[in-house]
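With the hints as extra help, turn the sequences into a complete structure.
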Amino acid sequence: MPLEPAERAQLDEWLGALRDGIINDTQFQELDALLRRNPEAVRYYVDYITLCVELRKYRPEDLAQVGGEPSSEELLREVLEQERLAAVRRAEMMSCELVDRETDVNERWAYFLARDETIVPVRHVMIPRSVAYAAVAVLAIALFWIAHSLIATPGETTDRSLATLVDPLDGRWTDPRMPTTAGAKLTSDMLQLESGRVHVRLPDGVDLVLEGPCELELLSGTHGYLHSGTIVAKVSPSGVGYTLSTPSALFIDMGTGFAVTVRGEVSETTVFEGVVAGRLHGSRAEHTMARFSAKRFDRQTNTVSAMPYNGTAFAASWRIASGKEIPIPQCTFITNEDEWRAHLKYVETFEITPEMLVLAREVATKPRDNTPLGTVLTFDRSATSLMRGFRLRTLQNSNPATSVPPGFVYNDTEDNPARVRPGFHNALSIGDINDYEDDDFEIELLDGPPLYALAFELHDNDLDPDERLEIIGEHDEVIAVFEAPGSSRDTGPTWINFVGIISDVPIRAIRLNESPDPDDIALGRIFFGDR
Amino acid sequence: MAFLKKQGRERRRFSDATLEEIADQIMAAREELDDRRDAVQQCLGKLPERDRQLIQLRYEPGATTKSAADRTGRSVHAVYKALNRIHGQLLDCIRQRLAEAGV
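These protein sequences, in sequence, are chains A and B.
Residues 1 to 531 in the numbering used here are what the first sequence spells out, letter by letter.
Residues 1 to 103 in the numbering used here are what the second sequence spells out, letter by letter.
Be aware that a few hints might be false.
[Claimed, not checked] Once the Cα atoms are required to be at most 25 angstroms apart in a straight line, the calculated PhoX-like pairs of lysine-lysine come out as:
id: 1; chain 1: A; residue 1: K57; chain 2: B; residue 2: K46
id: 2; chain 1: B; residue 1: K81; chain 2: A; residue 2: K57
id: 3; chain 1: B; residue 1: K46; chain 2: B; residue 2: K81
[What the hints assert, rightly or not] Rough simulated footprint, nothing fancy, chain B against chain A, three-plus residues with beta-carbon under 8 angstroms:
id: 4; stretch: 30–36
id: 5; stretch: 292–304
Simulated from the structure, these hints should not be mistaken for laboratory data.
Quick caveat: nothing in here was measured; it's all calculated off a predicted structure.
By construction, the Cβ of each residue, glycine as well, lies at the ideal position given by its N, Cα and C atoms.
Here it is, written out as structure tokens:
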């Protein structure tokens, strides 16, 4: 049945509203009814959605191709394949048009997803009807979603009340007509805050604190678009799935608290609680961020990079949004080995023995007592069979007389060639024993899974208050500093202190900074723990 | 997937019958993708420069109707209406091209 001009005009209007996310329930129901009863309307709708997808890929230089050589079929197949894969990904993550259904469509989709990586689409390939049906259904969902979420973003003011002003705080709206009374309904989709903070609540249990200057567009009760500035979000269980778009990325909350800051085409996300999934526009890669993590999504460079967690920067807004203090990652210092191990499910131990030391890249033969080993010892996973590779480095100043930095010495007997000094047995002396040195050293993780628990034996004949142990995070940030890390000043005849660390954020390295005094320090067994 | 289900209950969605119709039509559209893409490019080439710029501003990554309005100095409503008009023109043009190509 051909579309009547009036129907066509109405359809154009609805599709425009759909594209910009401002279609209301009645319009949507009427659109659905029209599509259900008129196949020509469906065709028109699909043409429209397909056009939107093409326009998303449109660049002016494409016009140069007009009238020229057509794109190769192979390239178009790739385009189609990418669309299909993107559709699956988007549908999997974002859409719920089918998964919530009890029909066999669900099963077909699952079947399709299971075959996701093996299907080669398009012409000349026979695709089972059920799979094809599921594929196009997923594509439909994705296109629908694209129209709603990626392409769409309204600027229209409607009569909907999408949010409540919980507390105007010290916020100052750009538009002086905006409400400033606690409890007021916000009827504008566009929240432009010039300065200060405001506390806003969405109907489904999403608390937002906007930090001015900030521009947030409310696309719906479950979807916002942050044009610029910072928002801090606390999402209650009923609001799980809240989606925030930015010029560079899209984020989906999974029951959590987080902050997003937008500066141009860069979005920085910091997660305080729970998990947030993010995706750079134009990319299929999804990035899951757990608590105490932060990532930068840069659309200009098309990169996503981890950044140091800095929850304190959002402490005030988080307190307003959640009524709680900002979670700060803890780093615990434990001097009892049993207590440290009690926190862990699995511990790998690296013994300081000739058999293990010879596994270092820099060591050619098994060292004997009092063997200098240089300032760097690198242990690869492939050599040690441990889960992680690591590097030991001495960080001492060079010997003024020789300008040579003191290195490690295995079983140092410098002060008494007849026997290894107690506490220096099965240990790496940091430099020699006799000279006045600052016996600084570092243990650095090279690869392997994130490390949250590290321990080592510190063979030390004395501990001074000015000795420091620094815990370094993955972004070279100092997670924690512990003074005089040994368990006691006088460690008795073994002179062995157990130094255990358990951290909420991954540890990249530890550095012991010892005072330049007559103390002699050696490094004993090293432990890598997993919770 | 619980959150998706949850979100699904909150979202507008087409009926099963409509989705099935859409799925069938998209299958057909996939078969025509080569022709359709050519038609889109040709039709874009026929747009006035001002309209083409507006389309580019609206569909570049991260853009919105508002950002397009901001950059053109026009009101959001005006841009919204203009986009509806341009989409309609493009659809008419594309359909005509496809018909001429026997698709």
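So, going through the hints one by one against the coordinates:
1. A/K57 to B/K46: At roughly 18 angstroms apart (the allowed maximum being 25 angstroms), B/K46 and A/K57 satisfy the hint.
2. B/K81 to A/K57: holds, 22 angstroms
3. B/K46 to B/K81: Status holds; Cα separation ~19 angstroms.
4. 30–36: holds (count 3)
5. 292–304: violated (count 1)
Checked against the numbered hints above, the structure violates only hint 5.
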